[in-house]
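Residue numbers (the numbering used here), protein chains in the order written: chain A, 8 to 275; chain B, 8 to 275.
Incorrect hints may have been included.
One copy or any two copies: either way a pair holds, since identical chains are not told apart in the list.
[Unchecked claim] Only pairs whose alpha carbons sit at most 25 Å apart, straight line, appear in this in silico DSS-like list of lysine-lysine:
#: 1; residue 1: K116; residue 2: K98
#: 2; residue 1: K259; residue 2: K20
#: 3; residue 1: K60; residue 2: K116
#: 4; residue 1: K40; residue 2: K255
#: 5; residue 1: K270; residue 2: K44
#: 6; residue 1: K60; residue 2: K197
#: 7; residue 1: K194; residue 2: K149
#: 8; residue 1: K40; residue 2: K275
#: 9; residue 1: K255; residue 2: K9
#: 10; residue 1: K149; residue 2: K116
#: 11; residue 1: K98; residue 2: K40
#: 12; residue 1: K197; residue 2: K55
#: 13; residue 1: K146; residue 2: K160
#: 14; residue 1: K259; residue 2: K146
#: 15; residue 1: K255; residue 2: K275
#: 16; residue 1: K273; residue 2: K190
#: 17; residue 1: K178; residue 2: K60
#: 18; residue 1: K210; residue 2: K275
#: 19; residue 1: K55; residue 2: K259
#: 20; residue 1: K238; residue 2: K160
#: 21; residue 1: K259; residue 2: K153
#: 22; residue 1: K60; residue 2: K273
Rather than coming from a laboratory, the hints here were simulated on the basis of the structure.
Listed here are the chains, written in short residue letters.
Number of protein chains: 2
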Amino acid sequence: MKIYRVTPDTRIKLKHASPEDTHLCDDKDAGKKEIEKLLERMDALQDKLYAAKSRALLVVLQGMDTSGKDGTIRHVMRGVNPQSCQVFSFKVPTPEEQAHDFLWRVHPKTPPKGFMGIFNRSHYEDVLVTRVHKMISDKEAKRRFKEINHFEKLLCDNGTVILKLFLHISKDEQRVRLEDRIKTPEKRWKLSTADMQERQNWKAYERAYEEALSATSTDAAPWYIIPANHKWYRNWVVAHLVVSALEKMNLKTPKPDPHIDFKNLKVK
Amino acid sequence: MKIYRVTPDTRIKLKHASPEDTHLCDDKDAGKKEIEKLLERMDALQDKLYAAKSRALLVVLQGMDTSGKDGTIRHVMRGVNPQSCQVFSFKVPTPEEQAHDFLWRVHPKTPPKGFMGIFNRSHYEDVLVTRVHKMISDKEAKRRFKEINHFEKLLCDNGTVILKLFLHISKDEQRVRLEDRIKTPEKRWKLSTADMQERQNWKAYERAYEEALSATSTDAAPWYIIPANHKWYRNWVVAHLVVSALEKMNLKTPKPDPHIDFKNLKVK
C-alpha cells in the first residue's frame, strides 16, 4: 500500500493520482472475499488492542462530498466491536467551539489506549473549507499546518498510530453519485443545495487538499491517497491499511495479576 | 419476549426465573442462524434510525461478574454501524464524578437522536454495589430508585426507547466461567482478586438486584431478566428485543429538501 502514501516533505499533485486505479487487485470478486478475511483479522486484532490497552489507532477520513466517508465506515468498520471503537463526525463548529483554538474540540475526541477512533471529517476541515471560502489567510493556514503536525506528534508519542486517508474521487464520479441521489427518491433527503454549490469549488478544494496533504504528511502521521471511484477497491485498500497498522503494533495479551496463585486457586 | 419482562409494580424473586431457560428456541443451530438474520435486520433498522434522527435507543446491560455483558456487545452489536452506535462502560467513579449527584456522569453519555447507545454497567451500580457494601442507606436507595425513574422518564419523553437487560446467570455457571479463566493462560489477565471476593456477596447482590429491578421496571423503561447460562440463547433473546424495539419505532426516511426542484435539477 506504500504507493498510496504521501512521502513527507514532497509536494503532491492530485492529478498524478488516479481515482480509477485498481491495479493492486484487478478481480473485484476476489477482492470482496479478501475483505471478509481482513475484517475477521481486524476483529481479532482489535480484541488484542482492547486487552493490551497499550496503544490506540486513529483513522482520519477526509474527502470531497460523496467520496464515501460514511460508506467506508459502514463497510470496513462493521466487523469491529463497538465497545472499543469510537466514531466522531465533525460538523460546522458551534459558537462555543469557535471561541477556542481549532484543535480544542478535537483533542477530547482522540481515542484512549485500547481503542480505535475514527474521525469522519476532522481538524483538517479547518485548513480546507476555511481556505476555499477565504475565512483564513495563507499565513494562518501555514501556521495551522505546523500546529496540526505538533498535535499529531503528541498523540503518536503517547502510543497512538494515526492513519490519514484522503478518499480520492474524480469530479465525473461525483456527478454520477449526485445524479443517483437526485434520481432515487429514498436517497433524495441526503442532497442539500450546499452540496451542489460546493461542487462549483472543486478546483479550489483540490488546491487546498494538495497543500494540506503535502504539508502534514509526516513520518509520525502519514497521509494516504486512496483511489475511491470504485467502492470495493477503496474498502479493500482501507481494510489492508487498518489491519497492517494493527499488526505492526505487535500487541501482547496482558500479564495476569502476579498476586494470584493460579495453580492453587479454588472457586468456592 | 414478554415473559422475560418485569411487570411494573410487582416484586420479583430471581429464584423464580431460570438462568438455564431456552424454551423459546430449543434448537441451538437454528437459533444461531436466526441471530444472523436478526443482525442483518438490525443493521437496516439502525440505518433508518440514523437517517430519521427522530428517536434513540438506549440498551442498559447489568449482571454479575462473568454474566456476559462484554460478550453480548461483541456478538449482538457486531453487526451495527459504529458511526451511530456508542458504548460506554461505567467504572468506579472518579473524585470529580463523586462530587456530583450519581446521574451527573451518566446524563452526558445518553444517546442523541439517531443513535443506539449501550451502557455496559450504568447508574444502576449506584443502587447495587453501593448497597452490598453498605455505602448508602436503604432510605437513600429508595430515593435513588425514584430519581432513576424520573431521569429515565425524561429520556423517554424526548424520544429515547430504553431497554434494560439483566443478564441472569446461576452461581454454578459463574464458577464454571471463573474456573475457565483460571485454567486458560490467555484468559488469566481477566481475573482479579476483587472478582473472587465479590462472589462471596452473591446473595447480597441478588437481594439488591431484586429490589432495584422491582422498583425501577416502569412502562417507560422496563427491565428484562435474560436467561444467560447459555450464551447463544442470551444473544438470541437480546437480538430479538433490540430488533423489536427498533421495529416499533416505525422509522421513516426523511423528506427531501422542499427547496430543491428534483425534476429539473442538473449536475454541472
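Going down the list of hints, with the structure as the test:
Proximity of K116 and K98 under a CA criterion of 25 Å is satisfied in both settings, with 13 Å inside one chain copy and 19 Å between copies. When the C-alpha separation of K259 and K20 is checked against a cutoff of 25 Å, the pair qualifies neither within a copy, at 40 Å, nor between copies, at 43 Å. Both within a single protomer and between protomers do K60 and K116 lie at most 25 Å apart by alpha-carbon distance, with minima of 17 Å and 22 Å respectively. Only within a single protomer do K40 and K255 lie at most 25 Å apart by alpha-carbon distance; the minimum there is 23 Å, versus 35 Å between protomers.
With identical chains, the CA atoms of K270 and K44 are never at most 25 Å apart, being 37 Å at best within one copy and 43 Å at best between copies. In this assembly of identical chains, the alpha carbons of K60 and K197 lie at most 25 Å apart only when taken from different copies (13 Å versus 38 Å within one copy). For a Cα distance limit of 25 Å, the shortest separation of K194 from K149 qualifies neither inside one copy, at 38 Å, nor across copies, at 49 Å. In the homo-oligomer, the alpha carbons of K40 and K275 never lie at most 25 Å apart, since the shortest distance is 48 Å inside one protomer and 37 Å across protomers.
For the homomeric pair K255 and K9, the shortest alpha-carbon distance inside one copy (14 Å) is at most 25 Å, but the shortest distance between copies (48 Å) is not. Taking the shortest alpha-carbon separations for K149 and K116, only the intra-copy value of 24 Å comes in at or below 25 Å, while the best inter-copy value is 36 Å. When the C-alpha separation of K98 and K40 is checked against a cutoff of 25 Å, the pair qualifies neither within a copy, at 34 Å, nor between copies, at 39 Å. With identical chains, the CA atoms of K197 and K55 are at most 25 Å apart between copies only, with a shortest distance of 13 Å across copies and 37 Å within one.
Taking the shortest Cα distances, K146 and K160 sit within 25 Å of each other inside one copy (22 Å), while across copies they are farther apart (52 Å). Proximity of K259 and K146 under a CA criterion of 25 Å is satisfied in neither setting, with 45 Å inside one chain copy and 47 Å between copies. In the homo-oligomer, the alpha carbons of K255 and K275 never lie at most 25 Å apart, since the shortest distance is 42 Å inside one protomer and 44 Å across protomers. Only between protomers do K273 and K190 lie at most 25 Å apart by alpha-carbon distance; the minimum there is 11 Å, versus 67 Å within a single protomer.
Proximity of K178 and K60 under a CA criterion of 25 Å is satisfied in neither setting, with 42 Å inside one chain copy and 30 Å between copies. In this homomeric assembly, K210 and K275 come within 25 Å of each other (Cα to Cα) only across copies, at 14 Å, whereas the closest approach inside a single copy is 71 Å. With identical chains, the CA atoms of K55 and K259 are at most 25 Å apart within one copy only, with a shortest distance of 7 Å there and 39 Å across copies. In the homo-oligomer, the alpha carbons of K238 and K160 never lie at most 25 Å apart, since the shortest distance is 31 Å inside one protomer and 43 Å across protomers.
Taking the closest pair of Cα atoms, K259 and K153 never come within 25 Å of each other, the shortest separation being 34 Å inside a single copy and 45 Å across copies. In this assembly of identical chains, K60 and K273 lie within 25 Å of each other by CA distance neither inside one copy nor across copies; the values are 28 Å within and 51 Å between.
Violated hints, listed in ascending order, are 2, 5, 7, 8, 11, 14, 15, 17, 20, 21 and 22; each of the other numbered hints is respected by the structure.
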